[in-house]
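Chemist: Heads up: the sequence lines are chains Z and U, in that order. Here UniProt numbering is used: position 209 in the first sequence is 209, and no number is missing along the way. Here UniProt numbering is used: position 193 in the second sequence is 193, and no number is missing along the way.
Don't read these hints as lab results, they were simulated from the structure. One thing to keep in mind: the hints can contain errors.
Unchecked claim - With a cut-off of at most 30 Å between alpha-carbon atoms, the simulated DSBU-like pairs for lysine-lysine come out as follows:
no.	chain 1	residue 1	chain 2	residue 2
1	Z	K192	U	K101
2	Z	K101	U	K192
3	U	K49	U	K101
4	U	K217	U	K192
5	Z	K101	Z	K49
6	Z	K192	Z	K217
Stated by the list, open to error - Interface residues of chain U toward chain Z, partial, derived using beta-carbon atoms under 10 Å:
no.	residue
7	G65
8	A66
9	V100
10	R107
11	A111
As the list claims (entries may be wrong) - Ranges of calculated distance between the beta carbons of each label pair, as one might list FRET restraints:
no.	chain 1	residue 1	chain 2	residue 2	range
12	U	I189	Z	G53	40 to 48 Å
13	U	D143	Z	L225	14 to 22 Å
14	U	P219	Z	M155	47 to 55 Å
15	Z	R58	U	D52	20 to 28 Å
16	Z	L121	U	Q237	27 to 35 Å
17	Z	D137	U	R180	17 to 25 Å
18	Z	M155	U	S74	25 to 33 Å
19	Z	D174	U	L249	44 to 52 Å
20	Z	G53	U	M155	26 to 34 Å
21	Z	E196	U	D137	31 to 39 Å
22	U	G153	Z	F229	39 to 47 Å
23	Z	L249	U	R141	21 to 29 Å
24	U	L121	Z	E194	27 to 35 Å
25	Z	D135	U	D137	48 to 56 Å
Source: prediction; values computed, not measured. Beta carbons are placed, not taken as given, at the ideal position from N, Cα and C, and that holds for glycine.
2 protein chains.
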Amino acid sequence: MTGRDGGADLAPIGNSPVVILVRPQLAENVGAVARAMANGGLFHLRLVKPRDGWPQERAWRSASGADRILDAASVHEDVDGAVADLHHVFATCPRPRHIVKPVLTARGGAAELRAITGRGLGCGILFGPERAGLDNDDMARADALIRYPLNPGFMSLNLAQAVMIMAYEWWMADDGTPPRTLMTNESHIANKGELENFIRHLTAELDECGFLRNEQKRPGMVRNLRHLFERGEVTQQELRTLHGVVTELALGRKIRGRDETS
Amino acid sequence: MTGRDGGADLAPIGNSPVVILVRPQLAENVGAVARAMANGGLFHLRLVKPRDGWPQERAWRSASGADRILDAASVHEDVDGAVADLHHVFATCPRPRHIVKPVLTARGGAAELRAITGRGLGCGILFGPERAGLDNDDMARADALIRYPLNPGFMSLNLAQAVMIMAYEWWMADDGTPPRTLMTNESHIANKGELENFIRHLTAELDECGFLRNEQKRPGMVRNLRHLFERGEVTQQELRTLHGVVTELALGRKIRGRDETS
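Assemble the whole structure, with the sequences as input and the hints as a guide.
Modeler: Now the structure itself:
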C-alpha cells in the first residue's frame with residue numbers, strides 16, 4: 001500500500017537493525033518514525049499491536065516519502081513474535097529502575113549494533129508506546145537497555161525523535177566525515193607562496209600610500225596583517241579577489257591624488 | 001505569555017548557543033523546536049520574521065511544556081539583527097554548494113560550540129525555513145556551515161528533528177556517561193569468589209545426580225558451564241536466585257528418587 005506516488009527509492013542498506021514499535025498509538029507517529037529511519041539508513045520496521053490497527057493511511061501521509069519502509073512493515077501479536085528471529089534485542093527506556101540490566105547510551109548502543117550486524121547477526125530495537133513506554137515484561141526480553149543522555153530536567157521525547165536519535169547514531173557509527181572541512185567549490189586552497197604574493201602586494205601599496213610610514217612600528221603592523229590573513233585556509237579565487245580589492249582601492253587613491261595635485 | 005500551566009521549570013544552563021529560526025513557517029514547528037531544545041539543554045530562541053507573526057498559541061501547544069523557552073524567545077526583523085551580539089554563527093545547510101565555507105558535522109560543530117562558549121563568547125545556530133532552507137545571504141553571515149551526515153538517499157529532515165540532532169550533540173559534547181554500564185538496583189556485582197561458590201555448588205549437585213559421571217568429559221563440561229556463567233557481570237541477588245534454583249531442582253530429584261526407590 002502506498003499513500004502517495006513518488007516516494008523515495010528506499011531499500012535496505014546492508015544488514016541493519018529492525019525498529020520495533022511496541023503498541024504504538026498514533027499512526028502519524030509511525031509515519032514520522034519511518035521518515036526518521038530513512039534519514040539514518042534504517043529500513044526494517046515491525047509493529048506490535050498498533051492501537052488503531054494497520055495499515056493506516058495517516059502513517060503514509062506523515063512519512064514524507066519514506067513509503068517503502070511502511071509498505072514493508074510487518075505486524076505482530078506480541079513482542080516474542082516480533083523478536084523471535086533476532087539474536088540481539090535492545091530496548092529504549094528513558095528512566096530504567098528496579099531492574100538488573102546493562103544500560104547503553106545511544107552512541108554505545110549504535111556501536112554495539114554495528115558490531116552485531118557486522119557479524120551477520122540479526123538485531124532489533126524496541127520503542128515503547130507514546131505515553132507509557134515499554135512495560136517490565138517488554139524490557140525483560142531485551143539484552144540491554146538504551147538510555148539517551150539528555151537534559152535530566154526535560155527528558156520528554158516524542159516517538160519519532162527517539163527513533164531519530166537512534167537512527168542518527170546508527171548512521172554516524174559508520175560515517176567517516178571529518179568534523180571540519182573547507183568546502184571550496186571549484187577553486188583550490190591557496191598555498192603559502194600565493195598568500196605571500198598577496199601580502200607583498202598589500203604591503204607595497206600600503207608603503208606607497210604612507211600607511212606604513214612609521215619605520216619603528218612598520219614590522220609589527222605588517223606582522224599583524226600577516227597574522228590576520230594566515231589564520232585559516234584561503235582559496236585562490238578569494239586571493240584573486242583580494243588582489244583586485246587592493247589594486248582598485250589604491251588606484252582610486254592615485255586618481256584622486258592626481259586630481260588633487262592637478 | 002504561557003499557553004498552559006505547569007510547564008517545565010526550565011532555565012538557561014550555562015552559556016549556551018542561541019537557536020535562530022530564520023523565517024519559520026509553522027508555529028507548531030516553533031513549539032516542537034522549543035521541546036527539542038529543552039531535551040538538549042538549550043534555552044535561547046530567536047525568531048527572524050516568523051511567517052504568521054508572533055506569539056502564536058499553537059507554538060505553546062506543541063512545546064510539551066517547554067513554555068519558558070517560548071516565553072523568552074525574541075523576534076527580529078532580519079538575520080543581522082538576530083546575530084549582532086554574537087561572536088560566532090553557524091548555519092545548518094543540508095546541501096551546500098557554490099560557496100566557500102568551512103563545513104562541520106553536527107558533532108564537530110557541537111564540539112566547537114562548546115569550545116566557544118567555554119571562552120565566554122556568544123554563539124548561535126541558524127536554521128532555515130521549512131521548505132526552502134537558508135538562502136545565500138543568510139549563509140554568507142555564518143562562520144561555518146553545519147551539515148549532518150545522514151543517508152544521502154533520504155536527507156529530508158523536519159525542522160524540529162534538525163534542531164533535535166544539534167541539541168542532542170550539544171548535550172553529548174559535555175556528557176560523560178559510559179557507553180555501557182550494568183544497572184544493578186540495590187544489589188552489588190558478585191565477585192569471582194562468590195561466582196566460584198555457585199559453580200562449586202552447581203558442580204557438586206551435578207556430580208551427585210550423575211550428570212558429570214563421564215570422568216573423561218567431566219573437566220570440559222565443567223569448563224563450558226564456567227564459561228557461560230563467567231561471561232559477564234552477575235549480581236549477588238542473581239547468584240542467590242541461581243543457588244536456590246539448583247538446590248530446588250536437586251531437591252525435587254532427590255524426593256522423586258526417594259519415591260521411586262520406596
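Chemist: Each hint should be assessed against the structure and marked as holding or not.
Modeler: Verification of the supplied hints:
1. About 19 Å separates the Cα atoms of Z/K192 and U/K101, which keeps this hinted pair within 30 Å; it holds.
2. For the hint linking Z/K101 to U/K192, the alpha-carbon distance of about 19 Å falls within 30 Å, and the restraint holds.
3. Under the criterion of a C-alpha separation no larger than 30 Å, the hint pairing U/K49 with U/K101 is consistent with the structure, at around 25 Å.
4. Between U/K217 and U/K192, the direct Cα distance comes to roughly 24 Å. Compliance with the 30 Å bound is thereby established for this hinted pair.
5. Between Z/K101 and Z/K49, the direct Cα distance comes to roughly 25 Å. Compliance with the 30 Å bound is thereby established for this hinted pair.
6. This hinted pair checks out: Z/K192 and Z/K217 have alpha carbons roughly 24 Å apart, not beyond 30 Å.
7. For U/G65, the suggested interface contact is upheld, since its CB lies about 7 Å from the closest CB of chain Z, less than 10 Å.
8. A distance limit of 10 Å between C-beta atoms decides the matter here; for U/A66 the minimum to chain Z is near 7 Å, and the interface restraint holds.
9. Hint status for U/V100: holds, given a least beta-carbon distance of 5 Å to chain Z, under 10 Å.
10. A hinted interface residue such as U/R107 counts as satisfied when its beta carbon comes closer than 10 Å to some beta carbon of chain Z; here the least separation is about 6 Å, so the hint holds.
11. Checking U/A111 against chain Z: minimum C-beta separation of about 7 Å stays under 10 Å; hint holds.
12. Between U/I189 and Z/G53, the C-beta spacing of about 45 Å keeps the proposed range 40 to 48 Å intact.
13. Range check, U/D143 to Z/L225: Cβ separation about 21 Å, and the 14 to 22 Å hint holds.
14. About 51 Å separates the C-beta atoms of U/P219 and Z/M155, a value consistent with the hinted range of 47 to 55 Å.
15. Separation of Z/R58 from U/D52 is about 24 Å and conforms to the stated range, judged on CB atoms against 20 to 28 Å.
16. In this structure the supplied range 27 to 35 Å holds for Z/L121 paired with U/Q237, their Cβ-Cβ distance being about 29 Å.
17. Distance hint for Z/D137 and U/R180: a CB-CB separation of about 23 Å, consistent with the stated range 17 to 25 Å.
18. Checked against the given bound of 25 to 33 Å, the beta carbons of Z/M155 and U/S74, roughly 27 Å apart, stay inside it.
19. Remark: the range hint 44 to 52 Å for Z/D174 to U/L249 is upheld by a beta-carbon distance near 45 Å.
20. Between Z/G53 and U/M155, the C-beta spacing of about 32 Å keeps the proposed range 26 to 34 Å intact.
21. A C-beta distance of roughly 33 Å is found between Z/E196 and U/D137, which places it inside the suggested range of 31 to 39 Å.
22. A hinted range of 39 to 47 Å for the beta carbons of U/G153 and Z/F229 is consistent with their spacing of about 41 Å.
23. A hinted range of 21 to 29 Å holds for the C-beta pair Z/L249 and U/R141, which are about 24 Å apart.
24. Roughly 31 Å separates the CB atoms of U/L121 and Z/E194, a value that falls within the hinted 27 to 35 Å.
25. At about 52 Å, the beta-carbon gap between Z/D135 and U/D137 stays in the expected band of 48 to 56 Å.
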